[in-house]
Amino acid sequence: MSTVAIIGAGVAGIEAAHVLASNGIKVKLFEKGASALKNIQDKAFLFPNFQSAQEIVTELSAKLLSDNIETFYETEIINLGNSQNSWVLTDKSGHEYVAQAVLVSTGYKVFDASRKEELGYGIYKGVITSLDMENMIRYDKIVNAVNSQPRNIVFLQCVGSRDEKVGNHYCSKLCCVTAVKQAIEVKKRLPQCQVSVFYMDLRMWGQGFEEMYRQAQEQYKINFVRGRISESASTFDGRLQIKSEDTLLGLPLKMTADLLVLMVGMEPSTGTTDLGKKCNICGEYGFIESLNPHIADNKTAIEGLYVAGTAKRPMTVQDCINDGRSAAVTIQDSLRTKNQSSNAD
Amino acid sequence: MKDFGFAIEKPRALDTDKTNRELYTRLLKREPSFARCFQCGMCSATCSARNFTDYNIRRIHTLFRQGQTQELDQMLKACMLCGKCTLVCPRGVNLRHLIIQMRKLLNND
Chain A
1 MSTVAIIGAG VAGIEAAHVL ASNGIKVKLF EKGASALKNI QDKAFLFPNF
51 QSAQEIVTEL SAKLLSDNIE TFYETEIINL GNSQNSWVLT DKSGHEYVAQ
101 AVLVSTGYKV FDASRKEELG YGIYKGVITS LDMENMIRYD KIVNAVNSQP
151 RNIVFLQCVG SRDEKVGNHY CSKLCCVTAV KQAIEVKKRL PQCQVSVFYM
201 DLRMWGQGFE EMYRQAQEQY KINFVRGRIS ESASTFDGRL QIKSEDTLLG
251 LPLKMTADLL VLMVGMEPST GTTDLGKKCN ICGEYGFIES LNPHIADNKT
301 AIEGLYVAGT AKRPMTVQDC INDGRSAAVT IQDSLRTKNQ SSNAD
Chain B
1 MKDFGFAIEK PRALDTDKTN RELYTRLLKR EPSFARCFQC GMCSATCSAR
51 NFTDYNIRRI HTLFRQGQTQ ELDQMLKACM LCGKCTLVCP RGVNLRHLII
101 QMRKLLNND
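The listed protein sequences derive, respectively, from chains A and B.
Counting along the first sequence from 1, when you hit position 233 you're at 233 in this note's numbering, and nothing is skipped either side.
Counting along the second sequence from 1, when you hit position 37 you're at 37 in this note's numbering, and nothing is skipped either side.
Honestly, I wouldn't trust all of these hints.
What the hints assert, rightly or not - The calculated EDC-like cross-link candidates involving lysine to aspartate or glutamate, where the alpha carbons are at most 20 Å apart (straight line), are: (1) K254/A - D54/B; (2) K188/A - D132/A; (3) K84/B - D246/A; (4) K84/B - E164/A; (5) K84/B - E231/A.
The set of hints was computed from the structure by calculation and includes no laboratory data.
Work out the full structure, taking the sequences as your base and the hints as a guide.
Right under this line is the structure:
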C-alpha cells in the first residue's frame, strides 16, 4: 500500500488528500499551523458568486474525515530526502515519516504592504490592506481611523504586484476581481459611502468576473479611475489625502479618503521558498516551478515530488481545488505505473 | 470663388502610416527601459512640475512614441530633473536619464 505525504493543509492540499484517500491511498497530511485552511478562514465571501468562505471551510474540513487520512498539526516539515524509491520527511522536532510520493502545497503569503512606505501602511491608521477589509466585511464593522463610518473609501490595485521596486514583476491575478467584490460588499453595507477603485488594467479574466465589474458600475455606482496612487498623507483631521493621475484625462488628481485599501498581491509562503530551495525546485520569485505548465503542471523536476496550489503561482480558490484534484490524479497515475513495473520485475 | 468664411481643417487623426519613428528608435537605443512603460501615471502623479504647469511626463512619453515631437522641446523645459519620477516608477524606467536624452535628441545632439 502506497503512502503519499502532503505538506500544507490548505485548499489544494486537502482536496488532493481527499481524492487520494477516496481511491484507497494512505495520506499523511502535514500542517505547520494549529489548524487547517488558515488562509481561506480569513475571507468573508468569495467571488464570483458571493458564497460564504466559511461554507467552503466546512465542506473542505469534512473531507478530512477519512480513515485513509492521517493529519499532523503543528508539524513543520523542514527536510526531504529520497532513498530507495521512498521519501523521508523530517519535521522540526526530528521525527521522520516515510512516503512513496510527496505533494508540496505550502501555499502563499500576502505581500507586506509596509514595504511600500509611500502608501503609508503601518504609518496612518486609515491605510489598510485587502485582508483587513475582508475582516471588516466579515464582521460587518467597516470603520475609519477613528472608528466612525467612512464617507469615502479608495481601493488601490497592484500593491506588491507588477512592481519592479519590490522585485515582483508578475501579476497576482486575483486582486482585480477582489477589489470589485469588496467594493460591492462595502456599497451593500454603506450605500452612502463613495467608493473608488484605482487601477491600471482591470483584468476580469474569469467566468462571471466581467459581469461583476459591470454590476459594480451600473448598480453600485463605483467610481473607477485609471491611475496608480503614488503617495498618501494624513490631513489635519485624521483623514488621508492621496495623489494620483487620472491617466485617461491626463490630469493630476487629489482625493481625500477615510480608508485607503491596498490590494496586496500574493508571494510564496516562507515554507514554499524554503522547501523549494532545499529540493532545488525553486522557480522565479521563490514560487515552486512545475515541470511543464501545460502537460506536467503538478510534477516537478524531481521524480516523486509534486506541487499544487499557490505554492506554484497566484491562484483563486477555484483554481486551487482543481489543481489539488489534478495533482492527486497525477500522483495516482505515477504510483500505479511504478507498482506495475515493480510487479513485473 | 466666393469666400463663405468657412474652411476645411487639416485632419486631426494620427496618421500612423506617416509617423516618423526615427527619434523614438534612437531614444530607445539610448534608454532601453523606456519600452517598458505601461502608462500607470505614477511619474506624473508625483511630479513637482506637474502640479503647477501643463507638464505631463507620461503624456510626453506617449507623444514621443507616436512621433508627435513638434512641441516637446518646449514642454520638457518645465522639468527640473528632481528625479522623483524615477524613484516611483514601478517598471524601473530611468526617467531622469530619459528626459535628458529626449532634450538632446530634440536639439540634434
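A quick look at each hint next to the structure:
Taken as a hint, the K254/A and D54/B pair is honoured in the structure, with Cα atoms around 16 Å apart against an allowance of 20 Å. Under the criterion of a C-alpha separation no larger than 20 Å, the hint pairing K188/A with D132/A is consistent with the structure, at around 18 Å. Only pairs whose Cα atoms come within 20 Å are accepted, and K84/B paired with D246/A is accepted, the gap being roughly 18 Å. At roughly 16 Å between alpha-carbon atoms, K84/B and E164/A fall within 20 Å of each other, so this suggested pair holds.
For the hint linking K84/B to E231/A, the alpha-carbon distance of about 12 Å falls within 20 Å, and the restraint holds.
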